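If you read the sequences in order, they're chains A and H.
Terminal number for the first sequence in the numbering used here: 231, no gaps in between.
Terminal number for the second sequence in the numbering used here: 333, no gaps in between.
Keep in mind the hints are simulated off the structure, nothing from the lab.
Predicted model only: the values in this text are computed from it and were never measured.
We put the CB at the ideal spot given by N, CA and C, even for glycine.
Misleading hints may appear alongside valid ones.
Unchecked claim - One-sided excerpt, in silico: chain A residues whose CB lies under 10 Å from chain H:
#	residue
1	Ser76
2	Lys102
3	Thr120
4	Leu122
5	Glu163
6	Glu178
7	Leu190
8	Ile204
To be verified - As a list, the in silico DSSO-like pairs of lysine-lysine whose alpha-carbon atoms are at most 30 Å apart:
#	chain 1	residue 1	chain 2	residue 2
9	A	Lys35	H	Lys149
10	H	Lys149	H	Lys86
11	H	Lys160	A	Lys159
12	H	Lys131	H	Lys146
13	H	Lys261	A	Lys67
14	H	Lys141	H	Lys169
15	H	Lys86	A	Lys153
16	H	Lys191	H	Lys242
17	H	Lys131	A	Lys67
18	A	Lys80	A	Lys90
19	H	Lys116	H	Lys191
20	H	Lys131	H	Lys35
21	A	Lys96	H	Lys86
22	A	Lys180	A	Lys144
23	A	Lys170	H	Lys141
24	A	Lys145	H	Lys43
25	H	Lys257	H	Lys191
26	A	Lys180	H	Lys116
27	A	Lys67	H	Lys257
28	H	Lys219	A	Lys67
29	H	Lys191	H	Lys218
30	A	Lys180	H	Lys146
31	H	Lys86	H	Lys116
32	A	Lys96	A	Lys218
33	H	Lys205	H	Lys239
34	H	Lys242	H	Lys116
35	H	Lys181	H	Lys205
36	A	Lys180	H	Lys50
37	H	Lys287	A	Lys52
38	H	Lys146	H	Lys261
39	H	Lys55	H	Lys35
40	H	Lys191	A	Lys155
Residues per chain are reported as follows:
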Amino acid sequence: MVNINIAPKILDYTIKKPINFIAKSKVVNNFTEHFGNDNVKFIAGVSISSILLKEGYGCYLYVKNSLNNKQLSDEKRKSAAALDLVYGTLLIATQLLAFKTVSNKKFQDKIFGKLFSKKFDMAAQEKLKMILKRSKEFEKITDKDFQANFNEYKQNIREVFGILTSLAASTIIARRIIVPFTASLISEDVKKEAEKFNKNKQNKV
Amino acid sequence: MCSGLINKKKWNMEIKSVSFKGNIVNNVQLKKDINSLMPKSVKFIDKMSGLKGDIPNILIFVAGSGAVAPLVILLNKYSNMEKKTREYMSIRQVISALVTLAVQVGIFLPFDKIISKMSNLGEFSNTKYNKNGFQDLKYLQNKVKKENPHLSKDEIKNQAKLIQAKQLENMLNQLHEKNTFSYEHQGKNISLGKNEMDLLIKETFTDLSKNAPDKKNKFNALLEKLTGKSVKEISKDVKGIDNDIDFAANLIQKHIHKTGRRVDGLRIVIGIALSLLVMSPSIKLFNYIYPKIINKLFPNLADVKNTTTTQNNDKILDKKIINEVQNGKH
Numbered sequence: 027m028v029n030i031n032i033a034p035k036i037l038d039y040t041i042k043k044p045i046n047f048i049a050k051s052k053v054v055n056n057f058t059e060h061f062g063n064d065n066v067k068f069i070a071g072v073s074i075s076s077i078l079l080k081e082g083y084g085c086y087l088y089v090k091n092s093l094n095n096k097q098l099s100d101e102k103r104k105s106a107a108a109l110d111l112v113y114g115t116l117l118i119a120t121q122l123l124a125f126k127t128v129s130n131k132k133f134q135d136k137i138f139g140k141l142f143s144k145k146f147d148m149a150a151q152e153k154l155k156m157i158l159k160r161s162k163e164f165e166k167i168t169d170k171d172f173q174a175n176f177n178e179y180k181q182n183i184r185e186v187f188g189i190l191t192s193l194a195a196s197t198i199i200a201r202r203i204i205v206p207f208t209a210s211l212i213s214e215d216v217k218k219e220a221e222k223f224n225k226n227k228q229n230k231v
Numbered sequence: 004m005c006s007g008l009i010n011k012k013k014w015n016m017e018i019k020s021v022s023f024k025g026n027i028v029n030n031v032q033l034k035k036d037i038n039s040l041m042p043k044s045v046k047f048i049d050k051m052s053g054l055k056g057d058i059p060n061i062l063i064f065v066a067g068s069g070a071v072a073p074l075v076i077l078l079n080k081y082s083n084m085e086k087k088t089r090e091y092m093s094i095r096q097v098i099s100a101l102v103t104l105a106v107q108v109g110i111f112l113p114f115d116k117i118i119s120k121m122s123n124l125g126e127f128s129n130t131k132y133n134k135n136g137f138q139d140l141k142y143l144q145n146k147v148k149k150e151n152p153h154l155s156k157d158e159i160k161n162q163a164k165l166i167q168a169k170q171l172e173n174m175l176n177q178l179h180e181k182n183t184f185s186y187e188h189q190g191k192n193i194s195l196g197k198n199e200m201d202l203l204i205k206e207t208f209t210d211l212s213k214n215a216p217d218k219k220n221k222f223n224a225l226l227e228k229l230t231g232k233s234v235k236e237i238s239k240d241v242k243g244i245d246n247d248i249d250f251a252a253n254l255i256q257k258h259i260h261k262t263g264r265r266v267d268g269l270r271i272v273i274g275i276a277l278s279l280l281v282m283s284p285s286i287k288l289f290n291y292i293y294p295k296i297i298n299k300l301f302p303n304l305a306d307v308k309n310t311t312t313t314q315n316n317d318k319i320l321d322k323k324i325i326n327e328v329q330n331g332k333h
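Can you build the whole structure from these sequences, using the hints too?
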């Protein structure tokens, strides 16, 4: 019969203790302190480095594994590796571009402001407050209570707007349409160039 | 369960300027009514609020990576890949998305939840990451739901907010009585150090003067005279500059914000380390399984290793030459 107390102990030793160990480290503490202080430059630097590191390493692994995949024919190996190389490179480029533009908070604030500033400005708030105070439920609502709830509503709209902008432009259009379209367009050319390069290299030897 | 023994009058005065991840002074009906008076474009965005969170992110990933991208590869008539190769690569893309999804759901998501739970339960040895004195609304909602499964969504949210409110009141009391924040940690009572409190107070003053630039000089003047003063005394002095500002509430909000951001930073570090660890085995797994899946499920696209074909061709060629030599043709 399985001892049900084992599962928490396993979780403790395999996951919680390592996480605790990492959290105690001086390097990690210095790193997270920048986040605690909202050090914008540092956080932006981390985001960019993370994209380059993860996507770059991922691209390298995909290409290497494709080239050495003994289950595939020679042609398929090269096609897969070429597609992975172009795909990975384009992903890095689009993610960096998106980070600086559509996923950037300042950029989103600007667009949100241009599209919706009149819906959330003081005049609009006063108008809304006047209408709502006419109802029995909110006739006694204080200005501060209204302001607090209105601000929270606005913050939610702003957050969802940010998600939609990133989703439409970066996640769907850039990463799932432009990148695969361009990758499938040029990967065969990259494959041919790589074959030419290898042939020339062999001839020189 | 919270018994509601909270000084509501003090509560309403104290907590308005403080917000955890969700504002405590929350009127769901008011926000619904505000939304009903907004134009269609804003109402549409409000409808999309369900996109926030882990599950929608995963569904969007699956739809994008597993459906849109493969279709784009398959239907790209401008590509100079052969049709069969395009079909092969698009199916490969679908399998890649499924492997990535399995890794996300099986490894990254649970790690994220574990870090959040550890922070909310105060299980970090480094107390800088612990939120057990002011737990996340989401964590409290899940806790209330487990303890009271029969409650409605709104009732659960309200109960969770009541618990948050009580935690906030405890923090306010600690500040006024002990001039610091303290938590239960592994059976002991841990307080924030003097240096850390001094830094927190200084940073709160900086934020206040940023938000009220016309009163910046007064805040700066007060900042220089803080040594030895209790939080109660500082709050009184700040009210002298602006009666609407509750300094203690702002101090609490700053502390909560800083702790939350540190946990975000920790999540990112662990996320990056985990990505790099898991990437190689998951890509190897992907490269191992996708040819097998395609060859089995799509035999018309099955990839035949041309090393075998080449060897066979060579054998045939050798045999031909041998025959010709034997027959005196060379």
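Checked hints:
no., hint, in the structure
1, Ser76, "6 Å, holds"
2, Lys102, "5 Å, holds"
3, Thr120, "12 Å, violated"
4, Leu122, "16 Å, violated"
5, Glu163, "7 Å, holds"
6, Glu178, "5 Å, holds"
7, Leu190, "6 Å, holds"
8, Ile204, "9 Å, holds"
9, A/Lys35 to H/Lys149, "22 Å, holds"
10, H/Lys149 to H/Lys86, "53 Å, violated"
11, H/Lys160 to A/Lys159, "25 Å, holds"
12, H/Lys131 to H/Lys146, "23 Å, holds"
13, H/Lys261 to A/Lys67, "17 Å, holds"
14, H/Lys141 to H/Lys169, "16 Å, holds"
15, H/Lys86 to A/Lys153, "60 Å, violated"
16, H/Lys191 to H/Lys242, "35 Å, violated"
17, H/Lys131 to A/Lys67, "22 Å, holds"
18, A/Lys80 to A/Lys90, "15 Å, holds"
19, H/Lys116 to H/Lys191, "25 Å, holds"
20, H/Lys131 to H/Lys35, "37 Å, violated"
21, A/Lys96 to H/Lys86, "23 Å, holds"
22, A/Lys180 to A/Lys144, "12 Å, holds"
23, A/Lys170 to H/Lys141, "26 Å, holds"
24, A/Lys145 to H/Lys43, "11 Å, holds"
25, H/Lys257 to H/Lys191, "24 Å, holds"
26, A/Lys180 to H/Lys116, "28 Å, holds"
27, A/Lys67 to H/Lys257, "20 Å, holds"
28, H/Lys219 to A/Lys67, "25 Å, holds"
29, H/Lys191 to H/Lys218, "41 Å, violated"
30, A/Lys180 to H/Lys146, "28 Å, holds"
31, H/Lys86 to H/Lys116, "44 Å, violated"
32, A/Lys96 to A/Lys218, "21 Å, holds"
33, H/Lys205 to H/Lys239, "16 Å, holds"
34, H/Lys242 to H/Lys116, "41 Å, violated"
35, H/Lys181 to H/Lys205, "18 Å, holds"
36, A/Lys180 to H/Lys50, "13 Å, holds"
37, H/Lys287 to A/Lys52, "34 Å, violated"
38, H/Lys146 to H/Lys261, "24 Å, holds"
39, H/Lys55 to H/Lys35, "18 Å, holds"
40, H/Lys191 to A/Lys155, "49 Å, violated"
The structure is inconsistent with the numbered hints 3, 4, 10, 15, 16, 20, 29, 31, 34, 37, 40, although it conforms to all the rest.
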